[in-house]
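Asker: The residues making up each chain are set out below.
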Amino acid sequence: MMVIHGDIKMADLIMGDINILAIIQRLNIPLGFKEKTVSEVCIEHNVDIQFFIQLTQSYRDKDYFPKDHFLTFPVEWIIDYLRNSHKCYVEHRIPTIEKQIIELENNIQNQNSSELLLRFFREYIQEFNTHIEIEEKIVFPYTIEINKSIKDNQLTTTLKKRYSNYHIEDYVEAHNNIEEKLYDLKNILIKYIPPPTTNCKYNTLIFDLFRLENDLKDHSDIEDKVLIPKVHLLEKKLKKLKMEDK
Amino acid sequence: MKIFIGESSYIIRKGIIQLLSQFKEVDIIKEFSTSDELEKALLESSPNILIINTAFNHEDIETAISESEHQPVILHLFNTQLPHDSTKTHLSVFENKATLTEKIENAIYISNENENINDSEELSPREKLVLKHVALGQTNKEIAEKLFISTHTVISHRKNITRKLNIKTVSGLTVYAILNKIIGIDDIN
Ligand SMILES: [Fe+2]
Ligand SMILES: [Fe+2]
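First to last, the protein sequences are chains A and B.
When you line the first sequence up against this note's numbering, it's residues 1 to 246, in that order.
When you line the second sequence up against this note's numbering, it's residues 1001 to 1189, in that order.
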């Protein structure tokens, strides 16, 4: 596998692995690269080249995860990246799959099964939304507040007011495998649902589930292996500040 | 397929091996002239079919077999004429080639069947019952109480169910249970 570096043309990199588009989107980099290299594009859009390279490399190669390197990046970058992926899931990926399941009704002989799948998936959407809401409304703001407190060398008011008793461990304990149900759904579609009348739509659905599942695994990896350890480090520093504040 | 022969007579052992050589399914044959030798071998590995003379010490042999994971099909070899209530698992040294061949063929067939059951991903009736309760949303403890088994057993059933079906979540198992009519769609709220 090609090692990614700054002098490769961005378009070539994406042509070589179309999945990298997901990262481009999450870093808010627009397409239309012409002949520009990875570093030129990154500089133009204010993205750290190393951050881009490490994300891409680990996304492509599942055995590659430079945890220590990731920990050196500012926590805001990581949160921005995670937020943008949430946005993509909630606004696009999940509704697309939901629509596909609704359309299955005309596509599988047994109507009960399509109803059942829809029910299963809607339950999943709820669970998914709760999962993301906790991250968006509690974990990320909390992280940003401690980070700010440390930078300013004093506890922010919000931190004192809203998070006086909050600890990242609360999140660690509750952070579940959001992709497991997708794995099951995919498996049920392949093994246990009576065969569809036309395979094309059905296959697209299975393929989309598979992609989302993999994507979420990657996403959770960044939360579990980068965000959480990063917040642990920040909390250690915060402890000192809290002592001084008393 | 592996076959063990327990028979003290050299000539009879060779005769059986000759019969077995007709079957392409048979790839390993081990012969034992005493109960002790056979017992020792059985403790180490178990064959698919065991052909054993009725004069061998059956008690020791049975204990040795009971330890093993796969139960062999046992063919009993009589030095006498067969009793009139004999079954297809009874062989006699007086029987002709065609009859013996047919009985061995039957044993090979049964052994293959057994193997398929062991390998199959079908749920056992017990597992189906546990699955039903899981799909209905009951906890391990509730299931244990209802089925008069320990929670530990419930957990091990659940592990096997998940492994066989490749479905990890409760909602996934519920969908499976409904699709396979283990529970009805109206059974869930
Ligand atoms: Fe997330
Ligand atoms: Fe998450």
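Take these hints with a grain of salt, some might be off.
Claimed, not checked - Calculated cross-link-like contacts (lysine-lysine; reagent style DSS-like; alpha-carbon spacing at most 25 Å):
#, chain 1, residue 1, chain 2, residue 2
1, A, Lys217, B, Lys1040
2, A, Lys191, B, Lys1088
3, A, Lys186, B, Lys1159
4, B, Lys1024, A, Lys186
5, B, Lys1164, A, Lys217
6, B, Lys1141, B, Lys1103
7, A, Lys151, A, Lys236
8, A, Lys186, B, Lys1040
9, A, Lys67, A, Lys186
10, A, Lys225, B, Lys1168
11, B, Lys1103, B, Lys1024
12, A, Lys186, B, Lys1168
13, B, Lys1014, A, Lys191
14, B, Lys1159, B, Lys1141
15, A, Lys191, B, Lys1141
16, B, Lys1181, B, Lys1168
17, A, Lys237, A, Lys62
18, A, Lys217, A, Lys148
19, B, Lys1168, A, Lys62
As the list claims (entries may be wrong) - Derived, one-sided and incomplete: chain B residues facing chain A with beta-carbon distance under 10 Å:
#, residue
20, Ser1008
21, Ile1012
22, Val1026
23, Asn1160
24, Arg1163
25, Leu1165
26, Asn1166
27, Ile1167
28, Thr1169
29, Gly1172
30, Thr1174
31, Tyr1176
32, Ile1178
33, Leu1179
34, Ile1188
Stated by the list, open to error - Here's a subset of chain B near chain A, in silico, CB distances under 8 Å, partners left out:
#, residue
35, Ser1092
36, Val1175
37, Lys1181
38, Ile1185
It is worth saying that the hints were derived from the structure and are not from the lab.
Note that the Cβ used here is the ideal one computed from N, Cα and C, for glycine as well.
Asker: So, for every hint listed, does it hold in this structure?
Answerer: Structure-based check of each hint:
1. Of the pairs offered as hints, the one joining Lys217 of chain A and Lys1040 of chain B is violated, with about 51 Å between alpha carbons and a cut-off of 25 Å exceeded.
2. Proposed proximity of Lys191 of chain A and Lys1088 of chain B is contradicted: the alpha carbons are some 39 Å apart, above 25 Å.
3. For the hint linking Lys186 of chain A to Lys1159 of chain B, the alpha-carbon distance of about 20 Å falls within 25 Å, and the restraint holds.
4. Between the alpha carbons of Lys1024 of chain B and Lys186 of chain A the distance comes to roughly 41 Å, so the proposed pair goes past 25 Å and is violated.
5. A threshold of 25 Å between alpha carbons decides the hint, and for Lys1164 of chain B with Lys217 of chain A the separation of about 23 Å falls inside it, so the pair holds.
6. At roughly 49 Å between alpha-carbon atoms, Lys1141 of chain B and Lys1103 of chain B are farther apart than 25 Å, so this suggested pair is violated.
7. Between Lys151 of chain A and Lys236 of chain A the alpha-carbon distance is near 14 Å, which keeps this suggested pair within the 25 Å criterion.
8. The straight-line distance between the Cα atoms of Lys186 of chain A and Lys1040 of chain B is roughly 49 Å, outside the 25 Å bound, and the hint therefore fails.
9. Among the hinted pairs, Lys67 of chain A with Lys186 of chain A is inconsistent with the structure: their alpha-carbon atoms are about 30 Å apart, more than 25 Å.
10. Pair hint Lys225 of chain A plus Lys1168 of chain B holds up; C-alpha atoms about 23 Å apart against a cutoff of 25 Å.
11. Proposed proximity of Lys1103 of chain B and Lys1024 of chain B is supported: the alpha carbons are some 16 Å apart, at most 25 Å.
12. Between the alpha carbons of Lys186 of chain A and Lys1168 of chain B the distance comes to roughly 12 Å, so the proposed pair stays at or under 25 Å and holds.
13. This hinted pair does not check out: Lys1014 of chain B and Lys191 of chain A have alpha carbons roughly 49 Å apart, beyond 25 Å.
14. About 15 Å separates the Cα atoms of Lys1159 of chain B and Lys1141 of chain B, which keeps this hinted pair within 25 Å; it holds.
15. A threshold of 25 Å between alpha carbons decides the hint, and for Lys191 of chain A with Lys1141 of chain B the separation of about 30 Å lies outside it, so the pair is violated.
16. With a CA separation close to 19 Å, the supplied pair Lys1181 of chain B and Lys1168 of chain B stays within the 25 Å bound.
17. Of the supplied pair hints, the one linking Lys237 of chain A and Lys62 of chain A is violated, its CA atoms being roughly 32 Å apart against a limit of 25 Å.
18. Of the supplied pair hints, the one linking Lys217 of chain A and Lys148 of chain A is violated, its CA atoms being roughly 29 Å apart against a limit of 25 Å.
19. Distance restraint check for Lys1168 of chain B and Lys62 of chain A: the Cα-Cα separation of roughly 22 Å lies within the 25 Å cut-off, and the hinted pair is therefore satisfied.
20. A least Cβ separation of about 52 Å between Ser1008 of chain B and chain A goes past the 10 Å threshold, and the interface hint is therefore violated.
21. At a threshold of 10 Å, the smallest CB-CB gap from Ile1012 of chain B to chain A is about 50 Å, leaving the interface hint violated.
22. Checking Val1026 of chain B against chain A by beta carbon gives a least distance of about 35 Å; that is not within 10 Å, so the hint is violated.
23. Interface hint status for Asn1160 of chain B: violated, as the beta-carbon distance to the closest one in chain A is roughly 16 Å, over 10 Å.
24. A cut of 10 Å between beta carbons decides the hint on Arg1163 of chain B: the least distance to chain A is about 12 Å, and the hint is violated.
25. Residue-level restraint check for Leu1165 of chain B holds (minimum Cβ-Cβ distance to chain A is 8 Å; threshold 10 Å).
26. At its closest, the beta carbon of Asn1166 of chain B sits 5 Å from a beta carbon of chain A; the interface hint therefore holds under the 10 Å criterion.
27. Because the smallest distance between the Cβ of Ile1167 of chain B and any Cβ of chain A comes to about 5 Å, under 10 Å, the interface hint for this residue holds.
28. Checking Thr1169 of chain B against chain A by beta carbon gives a least distance of about 5 Å; that is within 10 Å, so the hint holds.
29. Annotation: interface hint on Gly1172 of chain B holds; nearest CB of chain A at approximately 3 Å, less than 10 Å.
30. Because the beta carbon of Thr1174 of chain B sits about 8 Å from the nearest beta carbon in chain A, less than 10 Å, this interface hint is met.
31. The criterion of a C-beta within 10 Å of any C-beta in chain A is met by Tyr1176 of chain B, whose closest approach is roughly 6 Å, and the hint holds.
32. Taking 10 Å as the C-beta contact cut-off toward chain A, the hint placing Ile1178 of chain B at the interface holds, the least distance being around 6 Å.
33. The interface hint given for Leu1179 of chain B holds, since its Cβ lies 5 Å from the closest Cβ of chain A, which is under the 10 Å cut-off.
34. The interface hint given for Ile1188 of chain B is met, as the beta carbon of that residue sits about 9 Å from the closest beta carbon of chain A, less than 10 Å.
35. With 8 Å as the threshold, the beta carbon of Ser1092 of chain B stays out of range of chain A, its nearest partner Cβ sitting at about 49 Å, so the hint is violated.
36. Look at Val1175 of chain B: its Cβ gets to within about 5 Å of chain A, closer than 8 Å, so that hint holds up.
37. Because the beta carbon of Lys1181 of chain B sits about 10 Å from the nearest beta carbon in chain A, more than 8 Å, this interface hint is broken.
38. Contact between Ile1185 of chain B and chain A, as hinted, is supported at the beta carbon level, the nearest pair being about 6 Å apart and thus within 8 Å.
Hint violations for this structure: numbers 1, 2, 4, 6, 8, 9, 13, 15, 17, 18, 20, 21, 22, 23, 24, 35 and 37, all remaining hints satisfied.
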